[in-house]
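Novice: Chains as they are written, first to last, in this note's numbering: chain G, 1077 to 1412; chain B, 36 to 483.
These aren't lab readings, by the way, just hints derived from the structure by calculation. A hint or two may mislead.
[To be verified] Residues from chain B that face chain G, not an exhaustive set, calculated with beta carbons under 7 angstroms: (1) I128; (2) R177; (3) P178; (4) Y184; (5) G186; (6) S242; (7) S244; (8) Q248; (9) P404.
Think of the CB as a built atom: it goes at the ideal place given N, C-alpha and C, for glycine as much as any other residue.
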Amino acid sequence: MLTRFSVVVDNASIRVEDTRVGLNELVKALQNIDFLRDQTGPAFDGPFRDKLDEASSLIAAFTSLRSTLALSVSGSLHKGLHKGLHKALHKGLHKGLHKGLHKGTGIGAGDMQAIGTTDYSWPEIDLPWKHHALLHRCRDAFCWDRLPLLPPPTDGDRLGETKRLLVLQEKLLAPENADRRRRILLEASNDLTAYMQPLGADVSAPYGATAMLFQMIISLGGAIGQHYKARFMAARPSVLEPDLQPFLPVPGHSSYPSNHALQSYLIAEIFARTVPEHPGIPALFRAAKDVAENREWAGLHVPTDTTAGRKLARMAIPVIEAVLDDQLAAVREEWY
Amino acid sequence: MRGLPEELTFIETITRTGADNQPLMKGFRPAFHALWHLKALGVVDDLKGFHGAWDQHQAGTEVRVAVFDTPVAYDHPNLAGVIDLALMRDFSIHDDGVFVVPTEDGPIRRTREQLVAVLSEWEGSPTARVAIENETAGNDPRPDCRPRYFGAHGTAIAGLIGARPAITKIRRPALRGDLDKASVDQDVSLPYAGVNPFCTIVPITMSASPDPQMVLAALQYAQLVKPDIVVIAAAWEDRRHRKSAWNKVDAALLALCKKSVVLCAAGNSGDVDLAYPACLSVEPGGPIAVTACDTEGKVLAYAPNPVKNDNVLRTLSSWSEAYSADGVTWDPWKAIDPMVIQPCEDPVLKGKSVELPAETLISLDVPGPYGYNPSPYRYRPTGDRPHFDIGSLYCRFSGTSASTALAAGLIGLAIQERRKTEDQIKAPATLKPGKKALSYEEAKQLFR
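Next comes chain B alone, as it looks inside the complex (with noise of 0.2 angstroms):
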């Protein structure tokens, strides 16, 4: 259109740059493979036959991770025998938890038998112990107050660490007209996977309240579960307002690590210092903290970078733009807009303009209506049910966090490869906990 200010031009027209004949700066970014992570990281050598470490696995190694998080949701196709149904707690509602789903016969009833059986370890309150007892018999006299929404937070986590490749259904909506047919079910496969998809998961659910008693009784049951890797990808408290209430916390984390190979997020916040309980990670025999770096292993703008903590691991996640005095990393895929100064032309940080890569981590996401990537259907998938639409069961998730969940999947590998001897194999429970499988130091050169 003839006369129209540049800035409305500039909208018609599609501007591609030479290469990759890809239209610029048009929030048109290129696709790339979900997957693109388990390369980058050397779980796999390729992303069409898979092979690499999965082809290592003997089963009868597989470790247990416990998930200090929100709500996951278990139900999910690609969670599908990797949440343990059993042992899943959550403790956002009572302060003495209660089972996620709850006891039918079975294995289910088995599990948690054999739970009780081990209480007698218990250190935690004596109701918690009560609950534990009177849920396994089936004669909890509590209402039946258990979460019924998920958390989206914590059903990526799950998904990065341990998701398993799944078939399920969709249901195709009907045809109306000349071509008038019913609606169908069919079968999707969803291939999706984790950094080690043969691993079992409990998650320990919390709410984000600061609440050193609820947070205390989750990591007595968490003991009591004995895992091999424990994931927190969570601020329990803000760092300048932790009081003496959390000492006791403090305390039943140490213990927790000593059994357990203790990971923590960071934090996002770009700080030096870390969230709590990752600072814990300054104390002898504390948790191990995680921050994030890009594929260079170059820390991101928001994960902190503390020099003088040697208890940090650096792994993958996904990036974000950053503008500072230092330097200006930002998404040349961003809708531009044209009346502004773009990041790459800012006259004073010439030389500092680090294009970001189109790859972000994709995970699970809550099914339905809700979660990081909502389904516009107002239908909640649960069970057998089919599902409206694929996109709602995958988001893209970032964060210490998902360095967090990644760092747990490459350790949980590590340490079933050091399990496989055949005598350990055979008797699972000669099995060494993970602690004990990979070492502290261990566990740190793998990020080296």
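The following block holds chain G by itself, in its conformation from the complex (with noise of 0.2 angstroms):
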């Protein structure tokens, strides 16, 4: 019985650090955790028992991650017509595509819900190229490379900085910040889920032109971001304090600024001047401060590397907002 524990707590951290999962391995893996779960007796308390919530919550956390079981499930041909529907057919037209499409695999809807799927599935774009080029043909007209942006503290101010996150760390395994992890693993990626809930968006009404907005400004933003990063190549938290274990691989760029904290701040505040009226504004900049400090939880990220991406948001929005122009009437038209 031991052994089977050890199989499924080690399947789940083999999930933690590898994305591209099948679907049929996590199916499995949640079998063997609702068999664990079935047994009583001392060995199952406490722990064990904790441990096994846990794996499960990375589990379901995992399951969320549509794009991934997308490509698990369903391979080339779904991602082939995906892609196309997305250009060609009504919003209701693919939506029922869509779902129709992952009903229709071996697995099924019915086992999809019990891992917990959110079944939320945003819009996807591609590199907007277009507007990338455009982003740097305005770098002279709007120095968005050379915006007033304090460098970072000194890498011993720095260090300070990460007993905080050793605090956190430890907090993030406790069993009620499951969902803190669930939404860190969710936002490694691109998902919108974080923006487009305060904002009303529900599976029938999902605010296309919004979430295209979004996908661009994380883009965009990111790229804003790598030419500071590639500046100051602050070192990641986890260089500075060896004892920090960070919850998700460390990304192969510097810290120094946040990129989820531009990214996230960016779009509450281009959101915010585009539509100034709706009601979920301030939900939307708390959601950003939690996607941003997220990846304080994480260990990715010291603090001021947080500030940091905050205030670079704002100096960039004069620069995105030129950029995203026609992007933002659509988003207007959406709303209004």
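Could you use the hints to bring the two separately framed chains together as a complex?
Specialist: Now the structure itself:
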């Protein structure tokens, strides 16, 4: 029995490191967990049961990484159809087909529901190459690569900031933070759930233009952030403090400023300027803060990285508004 | 067509009410005068000659209104001469703020030099002070990074307060074919006005981010500008999430209230509680909160109606539909769904059904393909360039934001009336600041 338990936990930890996991493996792992949960006795209480819960929540989080699921379940046929439909078909038809394709797999919709799929599918975009080209042509007009962002604190000061991350690292493993762990995993990709939910988007009204805008902001904001990361080359917290064990794989680029903070606050700022009456704006800003701070919980950023990302977001507003002019008009039309 | 179900024949039928021969329930609305609210508020006696309070105006008494909002489209034709281009400052991009219009020789530089001269009163951060000095001298080392896109909300607020009638150019398209003609630019009049078209407005712009540091910097700047009236038609932070970081903001706002008449929109939640910072109206010497009412003075469905706070004004705003167990207010001109029971036919709410009037508030909108009412043309008329359409210059506007703007216009007219002593007009420096010219009690009395 202990062997099986260990297999389950190992499976779960493999999923943390490798998001290219097949659904069949997840379902198998879940069956193992369910089997163990049915067992009683001293060996299954206390820490064991906590581990089981944790493994279960990790799997649930992974199953909501929909693109991974879609690829593993229905492969290239689905992907090709998906992209074609995005451009060609009415939203409602697309949605229906999207669901139908998922349901038509061998695993079945019931299984997916049972393991915690959120059932949101926000529009995906390819690289917005025209907008990237425009962004780079605007570099001297908007000086977006030389905005007055304060350089990072010294490594010594940044090391001091990692003390807080060690505390967060410990807290993150607590059972009550299962939902935060789920969100951290979701937010590792470009998932839009954190931003769309405060706006009241639902499965029948996914606000496609808004979702597209957010994806574009993530892409363009990320490019802007990389300029500053490449300039400052600040070490990741786990390099400064080897006791930190980041919850996610450490990205290959430097730490300051936090691109998640930059992107999430840019989304909130730009949306608030585009649809100023939207009642969800305060919640959207809180979601942006949460996404940004989750990267601290994950051990990938110190707080000054987060603050710098937020400040850079405000300074980048003019160029993003200029480059995404047409998309902002589409978003206004969607809400007014 | 024979055999069609009633629902389908309905959409082909034009029903008319007897009295006004108006098609009923077809999305075909009666027209109304865009400035109807000026008569409803008693600013003018008639909508042809516009006689009334404006006739009493005496030059030299004009109030300065600071508007904390999204960036105002200062090049809107109806805002020409209204917006103080020299003092308008944006805090949405930089914490230290940036003048929206670069410093140039002439009145803009002179006004800014006067501002620098009073920087000894500056209570904000040293870097913000240096930024003002550098920008005025024309040697700001920061990259040119100012807001280029304007906010519809701030523009609509400025319009309701102080828009002025204007003339602008509109381009008529070329005519092709037998009557081949080139396009022509023609003058067109834009007879729109705010409640107090004599005032000047200083937009102090911020982002919607609940960032106490940004708001504090903006408030400190406002103290330097010394406005007679301050308009805050925004919620700076969700009341439930306000933390101690906002204490300094509270103190700065209360300090501003000592010299200026500060008006804060109550919020549109329909709650009894007020939004932040309007909720500071319960503090001694706090701002005045403004809630929205109809022409009869009845608080509108979306507007807060706090019973224990007498520092709340009610001012006119646009209506909105509401449907609850308390009753239904509904729009009789909305296109109806014949498959659904109409609000007026609700069997439970008999006698509790109120029809909304056709009139809504009209204000200014960001020109071109932006704002609440975007132009269909992907063209942004700026400076002396002609407009392609007029529609995109105006929009409907509502909420307690609109009420707050109208209240600021009315209070401004009252302050100007108070200042009409010959001595004060001859020596503008002796003009009493807004708060001294008109006490809160007197201001509130205007709305009883």
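Novice: Now tell me, hint by hint, if it's right for this structure.
Specialist: Evaluation of the provided hints:
With a cut of 7 angstroms, the hint placing I128/B at the interface with chain G holds, because the nearest CB-to-CB distance is about 6 angstroms. The restraint placing R177/B at the interface with chain G holds, with a minimum CB-CB distance near 5 angstroms, inside the 7 angstroms limit. The beta carbon of P178/B is positioned within 7 angstroms of a beta carbon in chain G (closest approach about 3 angstroms), and the interface hint is therefore held. Of the supplied interface hints, the one on Y184/B holds, with its beta-carbon coming within about 4 angstroms of a beta-carbon of chain G, less than 7 angstroms.
At its closest, the beta carbon of G186/B sits 6 angstroms from a beta carbon of chain G; the interface hint therefore holds under the 7 angstroms criterion. Taking 7 angstroms as the C-beta contact cut-off toward chain G, the hint placing S242/B at the interface holds, the least distance being around 5 angstroms. At its closest, the beta carbon of S244/B sits 6 angstroms from a beta carbon of chain G; the interface hint therefore holds under the 7 angstroms criterion. Using the Cβ-Cβ criterion of 7 angstroms, the hint placing Q248/B at the interface with chain G is not satisfied: the shortest such distance is roughly 10 angstroms.
The beta carbon of P404/B is positioned within 7 angstroms of a beta carbon in chain G (closest approach about 6 angstroms), and the interface hint is therefore held.
Hint compliance for this structure: hint 8 is the single one not met.
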